[in-house]
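Assemble chain Z onto chain R, guided by the hints.
2 protein chains.
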Amino acid sequence: MNAEILAVGTELLLGNIVNTNAQYIAKRLADIGIDVYFQSVVGDNSGRLYKAFELALQRADIVITTGGLGPTQDDLTKEIAAEISGKKLLLDDKALRMIEEYFSRMGRTMTENNKKQAYIPEASKVFYNYRGTAPGCAIEMGGKIIILLPGPPREMEEMFERSVIPYLSQFQEGVLASKILRVCGVGESKVEELLADLLDSQTNPTIALYAKFGEVSIRITAKAETEEKAKDLICPVENEIRKILGNHIYGEGDQNLEDVFGELLIKHKKSIAVAESCTGGLLAGRLINYPGISAVFKEGVVAYSNEAKIRRLGVSEATLSQYGAVSKETALEMAKGICIKAGTSIGISTTGIAGPGGGSIEKPVGLVYAGLCIDGELYSVKFNFTGKRQEIRERTVISVLDWARKILIEKLNSGKF
Amino acid sequence: MNAEILAVGTELLLGNIVNTNAQYIAKRLADIGIDVYFQSVVGDNSGRLYKAFELALQRADIVITTGGLGPTQDDLTKEIAAEISGKKLLLDDKALRMIEEYFSRMGRTMTENNKKQAYIPEASKVFYNYRGTAPGCAIEMGGKIIILLPGPPREMEEMFERSVIPYLSQFQEGVLASKILRVCGVGESKVEELLADLLDSQTNPTIALYAKFGEVSIRITAKAETEEKAKDLICPVENEIRKILGNHIYGEGDQNLEDVFGELLIKHKKSIAVAESCTGGLLAGRLINYPGISAVFKEGVVAYSNEAKIRRLGVSEATLSQYGAVSKETALEMAKGICIKAGTSIGISTTGIAGPGGGSIEKPVGLVYAGLCIDGELYSVKFNFTGKRQEIRERTVISVLDWARKILIEKLNSGKF
Numbered sequence: 220m221n222a223e224i225l226a227v228g229t230e231l232l233l234g235n236i237v238n239t240n241a242q243y244i245a246k247r248l249a250d251i252g253i254d255v256y257f258q259s260v261v262g263d264n265s266g267r268l269y270k271a272f273e274l275a276l277q278r279a280d281i282v283i284t285t286g287g288l289g290p291t292q293d294d295l296t297k298e299i300a301a302e303i304s305g306k307k308l309l310l311d312d313k314a315l316r317m318i319e320e321y322f323s324r325m326g327r328t329m330t331e332n333n334k335k336q337a338y339i340p341e342a343s344k345v346f347y348n349y350r351g352t353a354p355g356c357a358i359e360m361g362g363k364i365i366i367l368l369p370g371p372p373r374e375m376e377e378m379f380e381r382s383v384i385p386y387l388s389q390f391q392e393g394v395l396a397s398k399i400l401r402v403c404g405v406g407e408s409k410v411e412e413l414l415a416d417l418l419d420s421q422t423n424p425t426i427a428l429y430a431k432f433g434e435v436s437i438r439i440t441a442k443a444e445t446e447e448k449a450k451d452l453i454c455p456v457e458n459e460i461r462k463i464l465g466n467h468i469y470g471e472g473d474q475n476l477e478d479v480f481g482e483l484l485i486k487h488k489k490s491i492a493v494a495e496s497c498t499g500g501l502l503a504g505r506l507i508n509y510p511g512i513s514a515v516f517k518e519g520v521v522a523y524s525n526e527a528k529i530r531r532l533g534v535s536e537a538t539l540s541q542y543g544a545v546s547k548e549t550a551l552e553m554a555k556g557i558c559i560k561a562g563t564s565i566g567i568s569t570t571g572i573a574g575p576g577g578g579s580i581e582k583p584v585g586l587v588y589a590g591l592c593i594d595g596e597l598y599s600v601k602f603n604f605t606g607k608r609q610e611i612r613e614r615t616v617i618s619v620l621d622w623a624r625k626i627l628i629e630k631l632n633s634g635k636f
Numbered sequence: 220m221n222a223e224i225l226a227v228g229t230e231l232l233l234g235n236i237v238n239t240n241a242q243y244i245a246k247r248l249a250d251i252g253i254d255v256y257f258q259s260v261v262g263d264n265s266g267r268l269y270k271a272f273e274l275a276l277q278r279a280d281i282v283i284t285t286g287g288l289g290p291t292q293d294d295l296t297k298e299i300a301a302e303i304s305g306k307k308l309l310l311d312d313k314a315l316r317m318i319e320e321y322f323s324r325m326g327r328t329m330t331e332n333n334k335k336q337a338y339i340p341e342a343s344k345v346f347y348n349y350r351g352t353a354p355g356c357a358i359e360m361g362g363k364i365i366i367l368l369p370g371p372p373r374e375m376e377e378m379f380e381r382s383v384i385p386y387l388s389q390f391q392e393g394v395l396a397s398k399i400l401r402v403c404g405v406g407e408s409k410v411e412e413l414l415a416d417l418l419d420s421q422t423n424p425t426i427a428l429y430a431k432f433g434e435v436s437i438r439i440t441a442k443a444e445t446e447e448k449a450k451d452l453i454c455p456v457e458n459e460i461r462k463i464l465g466n467h468i469y470g471e472g473d474q475n476l477e478d479v480f481g482e483l484l485i486k487h488k489k490s491i492a493v494a495e496s497c498t499g500g501l502l503a504g505r506l507i508n509y510p511g512i513s514a515v516f517k518e519g520v521v522a523y524s525n526e527a528k529i530r531r532l533g534v535s536e537a538t539l540s541q542y543g544a545v546s547k548e549t550a551l552e553m554a555k556g557i558c559i560k561a562g563t564s565i566g567i568s569t570t571g572i573a574g575p576g577g578g579s580i581e582k583p584v585g586l587v588y589a590g591l592c593i594d595g596e597l598y599s600v601k602f603n604f605t606g607k608r609q610e611i612r613e614r615t616v617i618s619v620l621d622w623a624r625k626i627l628i629e630k631l632n633s634g635k636f
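Protein chains in written order, with this note's numbering: chain R, 220 to 636; chain Z, 220 to 636.
Next up, chain R with everything else stripped away, as it sits in the complex (with noise of 0.2 Å):
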């Protein structure tokens, strides 16, 4: 089975408001295997409406519209649809009444528009508004289902919930399991290249790559009968892929970096503290979005001056001298010092240069180095990022966090740490 999602309203047309129940409905249509092969997005126009619906009901089996079931004129989706599908449009009681009781609930008169909500197509199975006045419903004719929701988002997504799943579930067959690899330290292009021949052969499950800034997700998809048969389809493709990408994988669904970052640090109770010169404060920000990093986020200094890096972090004066703020040496002393002022076990550090100025021919923008002394030992990288100042600076921030997760892997591997 197959749906397309018709979103009506001239304020999308105009990008007025971004179409989100376009987003919301395709991913619980594929959370439960129904695929969608087109959105369309149509005005409040008759005529272009009346022709997006045939259009849709001509591609698909199942036709899903968002909004023009308000009170007003311009609200002409239930009419259409009524039309199209040859339906005459009858009061429903139970929808009056729950209009009624919400006017009444929000003290408010309910004007005599307000009705024209409660008319449904005849023989359709309504689906009742709890978060707002206009029902929405399904009209099944001639093998095809159109379903029509109301635009306001949480209305819609309450009645999605509440009736039009269960309503779908009966004609399926099958469920999907879907498993998400989240990737970070190779783009995508080269995870594709490398994953080539597994892609080249999907077919149940299959394998989807998603580029994010600074990193890959890899969706895994498998129809089996029961969940459990799905995840066992999934399971020997998963491990297939860990194989190759091995520790660029750092986490799984929703997980971010620094969640998993944060959760490696809590686990193995290992303290940590940042020196930031050219990221400014976002590796620190990034860390601290991991609720809970408050148990081993010792502090964060941002020694953007010299002078800072000087007296809040230790760095040397010769150091910065002979080799300059922007380099492997001052990178390293700056995680050595953050490690002993703040008394921590792991410390990172961040120099470079963001741009637009300070770049040269020997230290061009884009230049990055950054530091971790982790138990004492110290390691360094260097990075030469493209992009605008934040891009630059949002680029060091995942890649250092993804350099930092690596080694505090080995190290914890190691088990003298």
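Think of the hints as simulated: they come from the structure by calculation, not from any bench. Heads up, a few of these hints could be off.
Heads up, the list lumps identical chains together, so a pair's fine if it works in one copy or across two of them.
[Unchecked claim] No more than 35 Å apart at the CA atoms, straight line, and that leaves these computed lysine-lysine pairs for DSBU-like: (1) K334 - K601; (2) K630 - K335; (3) K582 - K335; (4) K398 - K335; (5) K630 - K582.
Then chain Z, alone, in the frame of chain R:
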């Protein structure tokens, strides 16, 4: 002239990402007077993509696609567009050079499949990509235009502003000029209420509001024979809006809050340091977005633990035990402490409960105090935010920065600072 927006990508059909590109493009097209009647989304499937192209070319004068220009095999948009327009794909030397430079700047090896991105349909207008690898282009064919744009929003938006708007302008009569005013400290619906009379009576110029996280942009757009004349139309409307919103308008055009704040500090030679608890580096991170801030930004301290607040900032143990870490008193001592330790004329502090844990009835999640020390004088403010951990922290940064900006301006205007 009218346009159809066609987004290409299975990740949209699966609901993995939301189609913000369609909103962005729709809004910008509305600004320059191009109507959009349909938006569509189709997956990385050549048959369905071909059909979607055919349909869009029937319905619209201009078809603008996003996505599917990547290096992998399932990136098909350019290939299908070339097929449908009967154009060959030819290697564009400049595009190839830019891709090679991109990889060399990133210190990564360019894989063979990246070359595919430098092939462009013959005789089309190339839109080079200054933020990524895939160039876009415009293909003119029998009175219709196909515009291909990359999928990542930051690449697409830069290309749209730099190349697509000027390209489309040649088909438009008259000249458009627009001005953006940036607002912080009042929500979108409040701005709409305050500007209701202006918004109701708008024709030329038009006024459009755009809500972004924590702020609102007001775009005034006028059409006239010349740019000069269009600007003359904008001027009185801008003045009217400025009279109504006063210092809630913090900047213009591309300016960010940190740009405006940084410029103020540099212009008046005022040094600054920040002490952060709940924002944990994000406030420093935001300030340091402004290039050149190093002239005035001395240091930042992420004093997440009580111990760090005492040792690094000189907050008294008595204050922490009597009022708690999240209190007006602690915020003030943190602001004063960082000023003294760093020897700056301005110090800003944040302390709050970002959640999800740590809240109580008296001090719920979302409670945030900020402190400001300017030239020895102390100010504080209390916020009650809602939302998730990261959202609360980011709202804090914006709100505190805007609050400090307003006080700083008052102080500077008073002539005593």
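Here is what the structure says about each hint:
Only between protomers do K334 and K601 lie at most 35 Å apart by alpha-carbon distance; the minimum there is 27 Å, versus 54 Å within a single protomer. Within a single copy, K630 and K335 get their C-alpha atoms no closer than 57 Å, and across copies no closer than 41 Å, so neither meets the 35 Å cut-off. In this assembly of identical chains, the alpha carbons of K582 and K335 lie at most 35 Å apart only when taken from different copies (32 Å versus 57 Å within one copy). With identical chains, the CA atoms of K398 and K335 are at most 35 Å apart between copies only, with a shortest distance of 30 Å across copies and 38 Å within one.
In this homomeric assembly, K630 and K582 come within 35 Å of each other (Cα to Cα) only inside a single copy, at 31 Å, whereas the closest approach across copies is 40 Å.
Going through the hint list in order, the structure does not satisfy hint 2, though it satisfies all others.
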